[in-house]
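Asks: Taking the numbering used here, the leading residue of the sequence shown gets 59, the next gets one more, and so forth.
Since the hints were made in silico from the structure, they are not lab data.
A few of these clues could be false.
DSS-like cross-link-like pairs, simulated, lysine-lysine; straight-line CA separation at most 25 Å [unchecked claim]: (1) 256 to 62; (2) 63 to 234; (3) 347 to 467; (4) 467 to 280; (5) 347 to 62; (6) 63 to 280.
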Amino acid sequence: QSQKKNEALRQGTLYGSLSLALIIAGFSLTMPHLQSRRDALQCDSLCYGSMTSARSALSLVGGFFVSRLSDRDTSFVARTIGSGSGRRACLYIGTVASICGLIIGGATFSIVGMYLSMVPGALFQQNFSVLKAFLADLHDEASSSTGARAGSVGKLGMSVGLAFMFGPIMGATLIKTFEHAVALAIVLTAISMILVAKLPSTTSTKAPTTKKTGILSFLDVKAARTPAAMFLMSVRVCMALAFHIYITIWTVSLKQRFDFGPKDHGFFMSFIGLTYALSQGVVAKRVVKPLGPAGRIRVVQLCCIALGFGRYFAFHTQSLPVVYAIFACIITALGVLNTILTADTASLASPDEVGGLYGVLESVESVAGICGPIAGGSLALIDPIGAPLTAVVGLYFVVFLLVTFGYDKLIIRGKSEPKKTA
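Work out the full structure, taking the sequences as your base and the hints as a guide.
Replies: Structure, rendered in structure tokens:
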């Protein structure tokens, strides 16, 4: 029995990672051509910023709704298209939503069309969060250790990193038109859907059917109201705000210091994708597996220091090789930190709420995606460089303090308490 559960976990990790990689690769193939389309349609920074904010707002709603729906194996959607599995049903919905967005994008050539094309995916393509919840179910069945959880989550992250590494390069060099990129992206997404069908079934016992089934019951994620969840939300919000504040000044600085062009940005993003893939798929598991709770806390603290001060020094150096070296450390720290947080999050909610908890965390980060660029622009008005950088370092210092004084009490010890399915 134990061998069957471990085999199901292996297959789930493999097919889930491949499915996610294909759907992300399909989208990333179109990225170079999307930029050309925006230029042709005279979509300036204000236009692009509004699209980014709109996507974050849609993800805010869709991230929670889809992840919560994945918790319900008895819902109409789960019984109709998921063979009794809410997770599988939501993965199908995500792939179909991606295909719909690609079709809309390929069939239109206007600003309105670009807005419409992002709606299905931003709302319903939440496959990363759903797959994390799906793997958490398999790990619960196999009674896996934190190191094993980190390993499978790391493989998911590695698949995303590799897809973002190869997709834009292939889209820019091998595919000549946006229409061809869309056609290939649809094919890859369709294959992703086939892999979803090959995912093993889970037998994890979820909430009893005696629960209330109204909309308020659906929206109520009790695990998200616990001190541990509030703690993780605070950490995620600070990290997301730091990223979005930093990105408002980072791209401009690359152009000013190193005269970055499209090819330079493409190579830099591919480097980041490869580094992130290795950090989650290789480094994180080897770092987390031999460490106890105290060791994991020290690793998280070191990651906070690297993320805060690394961004500061990367901004001020005049050497491009030094930028790459610093960002290798930054992205590795980010990958390890995200893997640890994701692995520990899975143990804080019951099987019928773990998807909803991941969805709440994703939605909270979407809020930061809306507010962060605004905060970054406002800080730049005070001081174009000093104010945003101070905010970034300060936010990671807040995360450092939160981890130092709260991680052991709320997360490590919280995992040892029995999960309740209210």
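Asks: Run every hint past the structure and note whether it holds.
Replies: Now for the hints, and whether the structure bears them out:
no., hint, verdict
1, 256 to 62, "16 Å, holds"
2, 63 to 234, "45 Å, violated"
3, 347 to 467, "21 Å, holds"
4, 467 to 280, "19 Å, holds"
5, 347 to 62, "23 Å, holds"
6, 63 to 280, "28 Å, violated"
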